[in-house]
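Once you've looked at the hints, dock chain W against the given chain F.
What follows is each chain in one-letter form.
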Amino acid sequence: MREIKSSQTYRDKARAASAKPAAHGDDIDLGIYVSSAEEQPYQTDPSQLPAKAKEQMLGAGVILDDTSQRSGTFIQMDNTPVHSSSRQDDIEVMAMSQALEKHDWLSDYWWQAVAVDSDKYTAHVELNQSNGYFIRALPGYKTIYPVQACLYLAKAQLAQNVHNIIIAEEGSELHIVTGCTTAFKKEPGLHLGVSEFYIKRGAKVTFTMIHSWNPEIAVRPRTGVIIEQDGLFLSNYVIMKPVHSLQMYPAARCAGENATVRFNSILVATPGSMMDVGSRVLLDARGARTEIISRAITTGGNIFARGYIEGNAPDVKGHLECRGLILQGEGMIHAIPELKGTLANIDLSHEAAVGKIAEEEIEYLMARGLTRTEATATIVRGFLKVDIEGLPPLLSAELQRAVEASEEDLT
Amino acid sequence: MLEIRQLTVTVEGRKIIQDINLNIGTGEAHVLFGPNGSGKTTLLMAIMGFPKYRVTQGNIIFNGRDITSLPLDERARLGIGMSFQRPPVVRGVKTSDMIGASLGDREDKLTIDRLAERANMTELLDREINYGFSGGEIKRSELMQLLAQKPEFTLLDEPESGVDLVNIALIGELINELLDKSCPIVNRKCMGLIITHTGHIMDYVNARTGHVMIDGRISCGGDPREILATIKKQGYEECAKCVLGRTTSA
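Those protein sequences? They're chains F and W, same order as listed. Each residue of the first sequence is one higher than the one before, starting from 0 at the first, in numbering that gives the first Met the number 0. Each residue of the second sequence is one higher than the one before, starting from 0 at the first, in numbering that gives the first Met the number 0.
Looking at chain F on its own, in the form it has when it is part of the complex:
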């Protein structure tokens, strides 16, 4: 495989930003992590991966024993891609190193949706390139089943660096499920993942990401999305397991007329978890639309739930909904919805609510014969049930199952 070598310009910019803290979240000391891990053997058949790893991946929505309902599969363990395959000719799924070898033009997409010098984490990924995935749907091709990708942290103390590029060519339709998880239960680790999405004219991408870490892992995904005319990007993010520190603020830019983007996030912070998660959308072309919905629950952890919509073109519309539920006394939820408009004929709105479950609602359900515990569970289940328009039924059901699997721990 070709070694990933970026241009000198990107490396220079990255070096200049290598100590630049992120705008949000705790500052992570990158020096405590190691950058190299042993190479992992490649597996032609993903069902032959170790049982423990497969079980962990399954918990994050990645199915390896029967891939008949997947269009393609990519697995990276630590910094080694251990499997990549596509079941459709019109969909490319491969390691980034392989993709760079195959497509000379890929460098045109490199660091175009995310700035290399955004902060020390993007800089670290640039300066310590260690693969990632490349997924592309060819023009006009529509996937029925999702492509799945897993980024798996197997070595403790490792900083996993990932750079992914996803391209949906004109008129294509691509569904992706990504599960990010770890082998270990307590040891520290760091996941740095850069993902750049390019949604071409009339294309549609749904991206469902499930994170399942441990209480000592720090996570800094960096995501940028560019959506062309009539394109649609739909992101669903779920984290219901403990994490030490998570900060991400994916940014999507509606660059073409009538481009649409939706972000749905489900966040559950257990005691000791610190999450700072938001979604940012720039509506830069006429008729662009966005909806950002987040549901945050704390059972003792801290959550900053951010949202930002900026309207810079006529007839754009954006809505931001941020709801937080404090189930136990110690946790904190800080909702920070922001709207910015730069011209008259735009329509931006937001609603935010943070609090505990209203006693009146619990009693209403109890009056129908439910116990207090059953009533609380029903309300929490409803709170976490985000109706996701545009997600294929199979994925919708899988996402719901992933959420329900963790619900029992909440009440």
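In short, the hints are calculated from the structure, not lab data. One thing to keep in mind: the hints can contain errors.
Unchecked claim - With a straight-line cut-off of 25 Å between C-alpha atoms, the simulated DMTMM-like cross-links for lysine to aspartate or glutamate are:
| # | chain 1 | residue 1 | chain 2 | residue 2 |
| --- | --- | --- | --- | --- |
| 1 | W | K51 | F | E359 |
| 2 | F | K53 | F | E91 |
| 3 | W | K93 | F | E320 |
| 4 | F | K384 | W | D104 |
| 5 | F | K185 | F | E215 |
| 6 | W | K108 | F | E403 |
| 7 | W | K93 | F | E373 |
| 8 | F | K355 | W | E127 |
| 9 | W | K14 | F | E358 |
| 10 | F | K184 | F | E227 |
| 11 | F | K185 | F | E403 |
| 12 | F | K384 | W | E127 |
| 13 | W | K93 | F | E406 |
| 14 | F | K355 | W | E11 |
| 15 | W | K93 | F | D26 |
| 16 | W | K149 | F | E362 |
| 17 | F | K384 | W | E106 |
| 18 | W | K108 | F | E373 |
| 19 | W | K93 | F | E403 |
| 20 | F | K384 | W | D125 |
| 21 | W | K51 | F | E358 |
| 22 | W | K51 | F | E373 |
| 23 | W | K93 | F | E362 |
| 24 | W | K93 | F | E358 |
| 25 | F | K384 | W | D112 |
| 26 | W | K51 | F | E362 |
| 27 | W | K93 | F | E350 |
| 28 | W | K14 | F | E362 |
| 29 | W | K14 | F | E359 |
| 30 | F | K185 | F | D26 |
| 31 | F | K316 | W | E127 |
Claimed, not checked - For each label pair, taking beta carbons as the anchor points, the in silico distance ranges come out as:
| # | chain 1 | residue 1 | chain 2 | residue 2 | range |
| --- | --- | --- | --- | --- | --- |
| 32 | F | S34 | W | K51 | 56 to 66 Å |
| 33 | F | G340 | W | Y130 | 24 to 34 Å |
| 34 | F | Q111 | W | D163 | 53 to 63 Å |
| 35 | W | P50 | F | R285 | 53 to 63 Å |
| 36 | W | D125 | F | S34 | 45 to 55 Å |
| 37 | F | R400 | W | N62 | 41 to 51 Å |
Claimed, not checked - A few chain W residues that face chain F, going by a derived Cβ cut-off under 8 Å, partial list only:
| # | residue |
| --- | --- |
| 38 | L71 |
| 39 | R76 |
| 40 | M81 |
C-beta: ideal position from N, C-alpha, C; glycine also.
Below, chain W without anything else, positioned relative to chain F:
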């Protein structure tokens, strides 16, 4: 049978109901009149068992069992159900979820669909409960949940308020179904206590007995149509006069 003996109820330290006696026999439906703030809803909430409505004196006996200190959900499972005047919006919980919850062990999709069709609520099944519902939709939704719950004793808090003339007949039918009104009197088991301001619901539901509540006391009991006629003619002032004189049970 429901027996209320010398019941006094306080809400946040304030005495709202005082020394009430009321008997509702098996198969009977009673109507409760009274001006705003007289304590009618408080009585229903206390019978249902909402913790905010504290019984400081007296007893509530349901089918021979003293339920005065029984928690709300246990009373519901024992066979007491309530249609709320202003039920809360529960975001994320769909109407179908609420019917499912009310059905308990009997929950199945076919039953939910049938009940929804019966209450003309099919289109609202996937909506969050009470969110953006009109007055009529709220009432139909409440009755649909009760039909799923099948309580033996039903408390109805102004079931006709906010309902248009077209829908009031349907509301009446649903209440009659809840109260077993299609059965011959001797076979009827279900009981009800209905709060009404206008009495419109009495055009559809045949209630045998009416009571008037004034200032937290029940002032009289008798034929509900006669009582309504008196209230319409003379207002509640006449009833208020009776309060000092007597406290009746049905």
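Here is how each hint holds up against the structure:
Between K51(W) and E359(F) the CA atoms are separated by roughly 10 Å; this keeps the pair inside 25 Å, and the hint holds. This hinted pair checks out: K53(F) and E91(F) have alpha carbons roughly 23 Å apart, not beyond 25 Å. Distance hint between K93(W) and E320(F) is fulfilled; the C-alpha atoms sit about 19 Å from each other, no more than 25 Å. A distance of roughly 23 Å separates the Cα atoms of K384(F) and D104(W); the hinted pair therefore holds under the 25 Å criterion.
Using a Cα cut-off of 25 Å, the hinted pair K185(F) and E215(F) holds, with the two alpha carbons roughly 6 Å apart. At most 25 Å may separate the alpha-carbon atoms for a hinted pair to count; K108(W) and E403(F) meet this at roughly 20 Å. For the hint linking K93(W) to E373(F), the alpha-carbon distance of about 15 Å falls within 25 Å, and the restraint holds. Restraint check for K355(F) and E127(W): satisfied, since their Cα atoms lie roughly 18 Å apart, inside the 25 Å limit.
Of the pairs offered as hints, the one joining K14(W) and E358(F) holds, with about 22 Å between alpha carbons and a cut-off of 25 Å not exceeded. For a cut-off of 25 Å, the pair hint linking K184(F) to E227(F) is broken: about 41 Å separates their Cα positions. A threshold of 25 Å between alpha carbons decides the hint, and for K185(F) with E403(F) the separation of about 24 Å falls inside it, so the pair holds. Annotation: proposed proximity of K384(F) to E127(W) holds, straight-line Cα distance about 11 Å (limit 25 Å).
For the hint pairing K93(W) with E406(F), the CA-to-CA distance comes to about 18 Å; that is within 25 Å, so the pair holds. For the suggested pair K355(F) and E11(W), the alpha carbons sit about 21 Å apart, so the restraint of at most 25 Å is met. Taking the CA atoms of K93(W) and D26(F), the gap is about 42 Å. The hint is violated against a cut of 25 Å. At most 25 Å may separate the alpha-carbon atoms for a hinted pair to count; K149(W) and E362(F) meet this at roughly 18 Å.
Proximity of K384(F) to E106(W) is assessed by CA-CA distance (about 20 Å); at most 25 Å being required, the pair is judged to hold. Restraint check for K108(W) and E373(F): satisfied, since their Cα atoms lie roughly 20 Å apart, inside the 25 Å limit. At roughly 16 Å between alpha-carbon atoms, K93(W) and E403(F) fall within 25 Å of each other, so this suggested pair holds. Distance restraint check for K384(F) and D125(W): the Cα-Cα separation of roughly 12 Å lies within the 25 Å cut-off, and the hinted pair is therefore satisfied.
Distance restraint check for K51(W) and E358(F): the Cα-Cα separation of roughly 10 Å lies within the 25 Å cut-off, and the hinted pair is therefore satisfied. Simply put, K51(W) and E373(F) have alpha-carbon atoms about 20 Å apart, close enough for the 25 Å limit, and the pair holds. Simply put, K93(W) and E362(F) have alpha-carbon atoms about 16 Å apart, close enough for the 25 Å limit, and the pair holds. For the proposed pair K93(W) and E358(F), the alpha carbon gap of about 18 Å is at most 25 Å, so the pair holds.
The hinted pair formed by K384(F) and D112(W) meets the criterion: a straight-line CA distance of about 21 Å does not exceed 25 Å. About 10 Å separates the Cα atoms of K51(W) and E362(F), which keeps this hinted pair within 25 Å; it holds. Taking the CA atoms of K93(W) and E350(F), the gap is near 20 Å; set against the 25 Å cutoff, the hint holds. For the hint pairing K14(W) with E362(F), the CA-to-CA distance comes to about 22 Å; that is within 25 Å, so the pair holds.
Between K14(W) and E359(F) the CA atoms are separated by roughly 21 Å; this keeps the pair inside 25 Å, and the hint holds. Between the alpha carbons of K185(F) and D26(F) the distance comes to roughly 21 Å, so the proposed pair stays at or under 25 Å and holds. For the given pair, K316(F) sits about 24 Å from E127(W) by alpha-carbon distance, which is consistent with the 25 Å threshold. Taken as a hint, the range 56 to 66 Å holds for the pair S34(F) and K51(W), whose Cβ atoms sit roughly 60 Å apart.
Look at G340(F) against Y130(W): about 28 Å separates their beta carbons, and that is inside 24 to 34 Å. In this structure the hint that Q111(F) and D163(W) lie 53 to 63 Å apart at CB holds, the actual value being about 58 Å. Between P50(W) and R285(F) the beta carbons are some 55 Å apart, a value that agrees with the proposed interval 53 to 63 Å. Taking 45 to 55 Å as the suggested C-beta distance range, the pair D125(W) and S34(F) conforms, at roughly 50 Å.
Here the CB-CB span from R400(F) to N62(W) is close to 43 Å, well matched to the stated 41 to 51 Å. Nearest Cβ of chain F to the Cβ of L71(W): about 5 Å, under the 8 Å cut. The hint holds. A hinted interface residue such as R76(W) counts as satisfied when its beta carbon comes closer than 8 Å to some beta carbon of chain F; here the least separation is about 5 Å, so the hint holds. A hinted interface residue such as M81(W) counts as satisfied when its beta carbon comes closer than 8 Å to some beta carbon of chain F; here the least separation is about 6 Å, so the hint holds.
Hint compliance for this structure: hints 10 and 15 are not met, and every other hint is.
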